[in-house]
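So the chains spell out like this:
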Amino acid sequence: MGRYVVRRLLQMIPVFIGATLLIFLMVHVMGDPVAGLCGERRCDPATAARLRQEFGLDQPVWQQYLTYMGNIVTGDFGTAFNGQEVTELMSTAFPVTIRLTLVAICFEIVIGITLGVLTGLRRGRPVDTSVLLVTLVVISVPTFVTGLLLQLLLGVKWGLIRPSVSSAAPFGELLVPGLVLASVSLAYVTRLTRTSIAENRRSDYVRTAVAKGLPRRRVVVRHLLRNSLIPVVTFIGADIGFLMGGAIVTERIFNIHGVGYQLFQGILRQNTQTVVGFVTVLVLVFLLCNLVVDLLYAVLDPRIRYA
Amino acid sequence: MPELASKTDTAVAAQAATTTDNVLATDAGPAPGKPRSLWSDAWYDLRHNWMFLLSTGLILLLLVVAAVPDLFISGDVSPRDGDLTKHYLQKPELGHVFSAEWLGYDHQGRSIYARLLHGTRASILVGVMVTVAVTLLGGLVGLISGYFGGWVDSVMSRITDVFFGIPFLLGAMVVLNTFSERSVPVVSLSLAVLGWTSIARVMRGSVITVKQADYVTAAKALGAGTGRILFKHILPNAVAPVIVVATIALGGYITAEATLSFLGIGLTDSISWGQDISAGKDYLRTAQYVLFFPAAMLSLTVLAFLMFGDAVRNALDPKSR
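These protein sequence lines map, in sequence, to chains S and U.
Quick note on numbering: the first sequence equals residues 1 to 307 in full-length UniProt numbering.
Quick note on numbering: the second sequence equals residues 1 to 321 in full-length UniProt numbering.
Misleading hints may appear alongside valid ones.
To be verified - Below, simulated DSS-like cross-link-like pairs (lysine-lysine); rule was C-alpha separation at most 27 Å, straight line:
hint : chain 1 : residue 1 : chain 2 : residue 2
1    : U       : Lys232    : U       : Lys220
2    : U       : Lys91     : U       : Lys281
3    : U       : Lys91     : S       : Lys157
4    : U       : Lys220    : U       : Lys86
5    : U       : Lys232    : U       : Lys211
6    : U       : Lys232    : S       : Lys157
What the hints assert, rightly or not - Footprint (simulated), chain S over chain U, 3 or more residues, beta carbon under 8 Å:
hint : stretch
7    : 135-141
8    : 228-234
9    : 251-263
10   : 274-284
11   : 302-308
FYI, nobody ran anything at the bench for these hints, they're computed from the structure.
Fair warning: this is a prediction, and the values are worked out from it, not measured in the lab.
Just so you know, even glycine gets a beta-carbon here, dropped at the ideal spot from N, CA and C.
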């Protein structure tokens with residue numbers, strides 16, 4: 001187990017370096033990092049040249065990347081377009097987005113898995129068909145439409161929620177944005193659980209458990225569900241990373257100043273430091289989530305062992 | 001939303017492993033009586049599936065709309081020119097079917113119905129172009145790393161991991177932000193840059209299962225070259241799960257394009273539902289229909305492709321029936 005974790009951590013290093021290099025190149029080579037520094041206008045050549053020298057942009061790209069990574073290791077993520085430290089932006093943005101992601105994941109687990117179990121046990125019945133159709137509709141309506149409509153109905157028309165989240169962003173105000181963020185994944189979790197449950201229902205261990213005379217509840221929860229969770233856990237694990245980086249639209253609609261907001265600003269203003277810094281952290285989160293998921297396999301299915 | 005496309009990929013990838021096995025299982029034993037191939041079996045199943053028939057009908061209709069949008073509107077209505085004095089936010093006249101005023105006018109006095117029809121082409125084109133690009137690139141990477149294995153596989157899989165680790169929509173935004181003119185091919189390419197990874201993973205898994213089959217060994221023993229084995233024997237038998245993933249993902253790419261347009265960094269040279277939704281959100285409190293109709297059209301299109309992919313998957317994967 002310990003050796004497996006160490007091996008996996010070592011395997012992460014090249015992927016981490018590759019991913020940061022990729023985003024670094026994409027932001028750097030494709031765009032002009034100086035372009036956003038003189039407001040809306042173009043910088044005049046002399047200022048641009050001075051800025052380039054100041055930021056070390058006149059050096060070859062590989063050297064810039066090495067310098068940047070060297071700084072990151074010492075905890076220096078550079079400065080954003082408005083002169084704020086990127087680490088400062090992170091310390092305000094990440095707590096908000098982590099809360100939002102937690103709310104979304106909770107919705108996915110509670111509603112998604114419950115619906116999946118209910119429909120998986122009733123394959124082909126009206127409940128199953130209607131839930132399946134609802135999931136298809138939820139997947140096809142874009143999040144930004146769901147978000148705008150919920151904001152209009154709950155926030156403006158009926159006044160049940162605040163239309164935009166305050167800067168403190170407590171859990172209570174993040175419930176509806178979290179639901180919007182989770183909606184598509186929720187539908188996928190439902191469908192995955194349903195397929196998995198329906199497949200495993202006919203397996204030998206379920207028949208044995210029923211034959212032993214175990215109560216139905218125990219058969220479903222302890223035997224059937226536990227063994228059916230592997231694809232669902234895989235999905236949710238990968239989703240944590242996507243939700244944290246992909247909340248750009250949800251955060252924009254509900255005016256949440258989290259990671260998505262900062263990334264969007266960074267991209268629009270072509271600020272390498274902000275974009276690469278945030279993406280670096282997101283890639284780390286993503287890789288660690290994958291590792292945790294793989295370790296969870298062994299907990300869920302005792303036949304899986306890591307040597 | 002940005003999440004959808006990438007999400008489609010993960011969800012499908014999570015199921016991919018099982019799909020591959022099942023597809024092979026059907027392939028192995030001939031059905032009683034006349035032996036039927038996987039594809040003819042699937043075709044038989046699809047013809048009796050209402051979801052497949054409905055979605056195929058919808059997709060065909062959308063293709064016709066994309067090709068000749070003016071066919072569906074009476075009179076000569078331009079989707080770009082508006083008349084602010086006469087038509088500013090004019091309410092829909094639901095009785096006047098297929099006319100310019102049917103679904104009302106937007107904040108620039110342009111016919112919403114005409115814009116719906118003319119926006120179809122961009123959405124469908126982006127969806128198809130991204131899917132083709134992603135299938136070719138991801139398919140090739142998956143085929144090579146699955147077949148050759150060893151260090152080739154290790155290197156290719158790590159490269160796939162690298163591209164998979166960066167949020168899909170974020171990459172597209174970074175690429176698109178550097179273009180001031182964003183045409184359909186540019187937007188499609190920006191989505192394909194990070195979008196190919198799930199196809200590569202599915203293809204790799206599928207190829208690894210297929211290459212152990214007896215007919216591959218037989219072909220090798222008979223002295224077939226690598227190219228012949230790869231494209232004549234392995235590819236046709238490994239491609240089914242990839243097709244399923246690709247069709248389902250197509251809907252996701254259409255949403256991704258709309259999301260980019262909604263964020264203001266999507267298409268600049270064509271009429272797009274995403275742009276219209278984005279413009280409509282400013283009038284959401286007074287004139288909901290400006291947002292509602294393009295949103296409904298977009299959702300319906302994505303739904304059609306999703307249902308199509310779902311039906312094909314069920315047909316190719318008998319275990320899920």
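Item checked: Violated hints, by number in ascending order, as checked against the structure -> 4, 6, 7 and 8
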